Amino acid sequence: MAHSLPPPGDEAALPDEAEAVRARYQRRARKDPRYSLFDPAALQAWQERQRAILAMLGRGFQDPSTCRVMEVGSGDGGNLLDLLRWGFEPDRLAGIDLLPERHHCARQRLPSAVSLVLGDACDVLEAQVRTQQDLYDIVWQSTVFSSLLDDRVQQRLARAMWSALRPGGAVLWYDFTVDNPSNPDVRGVSLRRVRSLFPEAHVTARRLTLAPPLARSLARVHPRLCDVFNWPWLRTHCLAWLAK
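Going by my numbering, the first residue of the sequence shown is number 1, and it counts up by one from there.
In short, the hints are calculated from the structure, not lab data. Watch out, some of these pointers could steer you wrong.
Stated by the list, open to error - EDC-like cross-link-like pairs, simulated, lysine to aspartate or glutamate; straight-line CA separation at most 20 Å: (1) 244 with 126; (2) 244 with 185; (3) 244 with 91; (4) 244 with 63.
Stated by the list, open to error - So the derived label-pair ranges between C-beta atoms look like this: (5) 222 with 19: 41 to 51 Å; (6) 155 with 58: 42 to 52 Å; (7) 134 with 224: 19 to 29 Å; (8) 183 with 63: 32 to 42 Å; (9) 127 with 19: 31 to 41 Å; (10) 66 with 187: 34 to 44 Å; (11) 113 with 181: 38 to 48 Å; (12) 33 with 149: 22 to 32 Å; (13) 55 with 228: 16 to 26 Å; (14) 55 with 113: 25 to 35 Å; (15) 112 with 233: 38 to 48 Å; (16) 152 with 191: 32 to 42 Å; (17) 231 with 182: 33 to 43 Å; (18) 180 with 66: 35 to 45 Å.
Computed from a predicted structure; not experimentally measured. Cβ coordinates follow ideal geometry from the N, Cα and C atoms, glycine included.
Can you build the whole structure from these sequences, using the hints too?
As structure tokens, then:
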């Protein structure tokens with residue numbers, strides 16, 4: 001049965017957001033030690049996120065080895081490596097990334113059976129739907145939408161991700177919900193916005209990630225303080241399971 005995308009509207013007239021995203025990432029291409037897992041605050045945030053994602057996946061799928069997963073914005077392959085550790089099969093995993101250097105890094109780190117595509121996720125997913133390729137059980141995005149500053153491009157990508165899901169599948173979403181005043185290249189994506197991007201989804205969501213500036217300040221005193229003060233109203237990110 002053919003899988004159709006929603007009407008594209010006036011997307012032909014959209015600015016080249018892909019080029020803008022490339023430029024934004026280029027401006028922050030240097031490795032930032034604050035995000036290294038050797039940093040106590042970054043480690044705490046990463047471990048919290050791992051536990052929460054595993055809990056969501058455990059409720060959604062009992063046997064990960066049968067799941068087909070596409071990661072939008074797969075970067076250097078770190079999330080796909082996690083999926084392999086959790087029992088997902090490499091020939092059922094795929095990733096798309098816009099940046100050649102990140103794509104190359106992922107290709108070096110991951111087994112050859114993992115399918116990696118260099119390109120615009122909107123174009124890749126729309127082409128897969130049109131050619132009636134197999135749909136995915138999970139489409140994962142992590143801090144991609146906060147780098148898309150054009151609302152229409154966000155909407156197009158959301159439609160493409162939703163159309164690439166099989167019935168019963170889900171979008172796995174992790175992104176921050178508040179603006180970063182020191183970084184004009186990103187903007188927060190509220191849970192209300194997530195619901196508007198995926199209006200047909202059954203949404204399960206929770207707040208994660210103690211505000212990074214606060215977490216780093218606390219960790220300098222003692223790393224355990226990041227756990228003590230990790231209160232919901234001090235968390236800046238949303239983890240959501242958007243079921244189809």
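Checked hints:
Between residue 244 and residue 126 the alpha-carbon distance is near 18 Å, which keeps this suggested pair within the 20 Å criterion. A hinted pair counts as satisfied when its Cα atoms are at most 20 Å apart, and residue 244 with residue 185 does not qualify at roughly 31 Å. A distance of roughly 23 Å separates the Cα atoms of residue 244 and residue 91; the hinted pair therefore is violated under the 20 Å criterion. Proposed proximity of residue 244 and residue 63 is supported: the alpha carbons are some 18 Å apart, at most 20 Å.
A beta carbon spacing of about 44 Å between residue 222 and residue 19 agrees with the range 41 to 51 Å that was offered as a hint. Our hint of 42 to 52 Å for residue 155 and residue 58 is violated, since their Cβ atoms are close to 31 Å apart. Range check, residue 134 to residue 224: about 46 Å between beta-carbon atoms, so the 19 to 29 Å window is missed. Judged by the Cβ atoms, the range 32 to 42 Å given for residue 183 and residue 63 holds: they are separated by roughly 40 Å.
Checked against the hint of 31 to 41 Å, the C-beta distance between residue 127 and residue 19 comes to roughly 19 Å, which is inconsistent with it. Restraint check, residue 66 to residue 187: a C-beta distance of roughly 37 Å satisfies the suggested window 34 to 44 Å. Checked against the hint of 38 to 48 Å, the pair residue 113 and residue 181 passes, with Cβ atoms roughly 43 Å apart. Hint check: residue 33 to residue 149, Cβ distance near 27 Å, so the stated range 22 to 32 Å holds.
Here the CB-CB span from residue 55 to residue 228 is close to 22 Å, well matched to the stated 16 to 26 Å. Judged by the Cβ atoms, the range 25 to 35 Å given for residue 55 and residue 113 holds: they are separated by roughly 27 Å. Roughly 45 Å separates the CB atoms of residue 112 and residue 233, a value that falls within the hinted 38 to 48 Å. A beta carbon spacing of about 20 Å between residue 152 and residue 191 contradicts the range 32 to 42 Å that was offered as a hint.
Distance hint for residue 231 and residue 182: a CB-CB separation of about 23 Å, inconsistent with the stated range 33 to 43 Å. Checked against the given bound of 35 to 45 Å, the beta carbons of residue 180 and residue 66, roughly 38 Å apart, stay inside it.
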